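With chain A held as given, fit chain B onto it using these hints.
So you can see what is in the structure, the chains are spelled out below.
There are 2 protein chains.
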Amino acid sequence: MKEVQVEFEEQIEQLKSYLIAEDINSFREKFLELHVYEQSQVYLSLSKDERLRAYNFLSPNEMADTFEILEEEEESVEKYLEEMNPQYAANMLSEMYRDNAADMLNQLEPYTIKKYLSLMPKKDADGIKKLLKYEDDTAGSIMTTEYISIFANQTIQSAMAILKKKAPEAETIYYVYVVDATRKLVGVISLRDLIVHEDDEMISDIMGDRLISVNGNDDQRDVARTMQDYDFLAIPVVDDEERLIGIITVDDIMDVISDEAASDYSGLAGVDVEERSENPFVVASKRLPWLIILLFLGIGTSTLISNYEEMISKASILAVFISLITGTAGNAGTQSLAVAVRKLADNDENKRNFKKLIISEIASGLITGVVTGATIFLAVGIWKENFVLGSVIGIAMLVAITIANLAGSFIPILMERIGFDPAVASGPFITTLTDLTSVLIYFNIAALFMEYLV
Amino acid sequence: MKEVQVEFEEQIEQLKSYLIAEDINSFREKFLELHVYEQSQVYLSLSKDERLRAYNFLSPNEMADTFEILEEEEESVEKYLEEMNPQYAANMLSEMYRDNAADMLNQLEPYTIKKYLSLMPKKDADGIKKLLKYEDDTAGSIMTTEYISIFANQTIQSAMAILKKKAPEAETIYYVYVVDATRKLVGVISLRDLIVHEDDEMISDIMGDRLISVNGNDDQRDVARTMQDYDFLAIPVVDDEERLIGIITVDDIMDVISDEAASDYSGLAGVDVEERSENPFVVASKRLPWLIILLFLGIGTSTLISNYEEMISKASILAVFISLITGTAGNAGTQSLAVAVRKLADNDENKRNFKKLIISEIASGLITGVVTGATIFLAVGIWKENFVLGSVIGIAMLVAITIANLAGSFIPILMERIGFDPAVASGPFITTLTDLTSVLIYFNIAALFMEYLV
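Heads up: the protein sequence lines correspond to chains A and B, in order. According to full-length UniProt numbering, the first sequence is numbered sequentially starting from 1. According to full-length UniProt numbering, the second sequence is numbered sequentially starting from 1.
Calculated from the structure, these hints are not laboratory results. Heads up, some of the hints might be wrong.
Since the list gives no way to pick one copy over another, a pair counts as held whenever it fits inside one copy or between any two copies.
Simulated pairs of lysine-lysine, DSS-like, Cα-Cα distance not exceeding 25 Å [as the list claims (entries may be wrong)]: (1) K314 / K384; (2) K166 / K129; (3) K355 / K286; (4) K286 / K356; (5) K286 / K16; (6) K184 / K165; (7) K48 / K30; (8) K130 / K166.
Computed from a predicted model, the values in this text were never measured in an experiment.
Okay, chain A solo, but in the shape it has when bound (with noise of 0.2 Å):
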């Protein structure tokens, strides 16, 4: 892979001087042999200069192309646009797939989407339409409305002339569905399949009728799952009459996973991982809303340690091992947050049995709790040749882990509950509020003990 990214960055480096140059064909000539992917990689690589070159070298149709791929690097689409004269983008996105428009014209001002779909053929502007009505994250915001349909009461011949026909400007040509009168999909069909049978059979007589689909207003990470399970290339969309809206590709598919998986991932570390800037102003101001919030549950962590001063002042020992105990608990709390928040994310009923999730980690708290906290009892009786400082922090040890892993389990349940994404209850989150629970256990247990240890 190493060679073809040289050689890559020579090629972007001559179209760069075919553009400079005015050196139309060249550049077109070079430009469209290139794949969509990498021509999105050199557009990006241009200067505002020869971008606007670009557009007049280029169709809006070939344009298109380009930027299909190019519908994660959000914050720049807006300003491309605009630097195009307003026709040119408008057609630029009525040649798209209409699921990629409509991606692109989300992150617009309403205004300005309504000022792109009056430029456009009306057909487009209905389809893109329909789509943009769907909430982020459903199955509707990343279908696609350029499928082929055909009929039941067809011949395979039949359907291969209309699949020929439309294979220029449908998303997936290696399904086909079957719908009745009323749209309602009745079956599908592979283009394995239709290409194995003779010519003269009928559909009906081919066509599965087994049908797995999605609604529209389905969780895409639902939708990610299912065609996962069944290693489908494309899942059918319907709406609440089971007639047929349009289908997901599987190319939608994997950066629902990617996406969600960041998701995932940013939530359980406090920060966006796909933050792309390397200015530390901004890095810094993204990171620090967490970082503050956290701060003040911190402060109330501080203040509760505040009024066990007396005791530390009496038994300074006491001191030492807050942040074992505290930091212990949070990694146990962790663990079970991480736990929970998959389980969560699993739309299987059976693995969502949330008093079982609950119970079986409180009883593994409990089991942890005994072994670390047998573990420092004994670490801390011989190193300080103390067992009742040993034992103050064992069972304090027990205790705050059972609840840090209760903690764990319940909180993301909650959240979700109460309709929130349980991702969003991050590990720092965690870590700080069984701080707080942590030294309430720690000092508590210490009261009781404290003839002992003074």
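Chain B only, in chain A's frame:
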């Protein structure tokens, strides 16, 4: 989806009753009309006695379809194969797609693998052996050898004839690979292109010759990224001489993306989030190793604090803020770690500029440190009416956060350099480590101001 679920439960019960009643015809009729994913779900819900009956009712070929989907239930595969007649198991494995058969065999003991391979047709055994030699997580380990290849000097018509013949056993027919006489990959063509062109056109005229391929030894994570970038449904795998040795299909790539995400998430939480057991002893035994390792790291921090016990007994107020400083630095370190791990997972060289990353992390650490430090300076100064104490906490916070950011970005980079998976430099590890550095920083700064604090 709910309704389908309920209906499916009923179907499972019905199928079980056919098995018990030895009603082979009804069982076969209902079972074989299910999607293979559903077949696998039925299979997994059977008791041992029911499974033994199922083996008698279904041919090895039919059972192979069900088994294609089972790969993730790794622990049970050995048990299932053992309860089958060995010849039946070998026949079933030889009927599976070779990548799946190899995945399954890879979970068994070497002598068991040998036994099954010796019972298979030689052609299948040889094909599977080729895949078994690849290491886990490489392109070779997830590729299949069941692809369709043609020559450049064929017409579309003759290519379509090959395709129709090979369609039943090929894992995908949507891409056809063009090779020369030495099996070197020279082109690729999609079924879409084959269909829209005329029958008498030559493959050499319409094939794409900008080849994107991967090497059998490439990391599966890099393969996944390439397939996502290019929106491929399959990618060719070549050996060091550029000869075609297999293909990787998108269904396997979806699993790679999920598995890699789960593994990163697990690393950040210090727990295997794919743990399926609900037995608290099993759960605890998997979580304890990390907890105990971190516990001993934490004892290091306690030992350190222990050195400052005299300071604490003089100014017990110092103990109040230990957990605030270690907690906040831990949060900052976790943020920095998560961003670094994600950047390392990117195989785009431009994003892997480590020097720039570390400098950016130190700079953003300084900025977040200044803001957080100033906040806590004011909060503590006002709360405790003691701005000297506020200064100690504020300055310690600033330094501890900067060091935490440095450690969070440096440690995963170091781990990758020395050949470990950076994702394993987990969140709990970094928080426990920053506990240590923060305590050191805090007490050393406090020592400078000690005369004003007592």
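Verification of the hints:
{"no.": "1", "hint": "K314 / K384", "result": "both (17 Å within a copy, 20 Å between copies)"}
{"no.": "2", "hint": "K166 / K129", "result": "within (22 Å within a copy, 43 Å between copies)"}
{"no.": "3", "hint": "K355 / K286", "result": "between (36 Å within a copy, 21 Å between copies)"}
{"no.": "4", "hint": "K286 / K356", "result": "between (37 Å within a copy, 19 Å between copies)"}
{"no.": "5", "hint": "K286 / K16", "result": "neither (35 Å within a copy, 56 Å between copies)"}
{"no.": "6", "hint": "K184 / K165", "result": "within (23 Å within a copy, 34 Å between copies)"}
{"no.": "7", "hint": "K48 / K30", "result": "within (20 Å within a copy, 62 Å between copies)"}
{"no.": "8", "hint": "K130 / K166", "result": "within (21 Å within a copy, 41 Å between copies)"}
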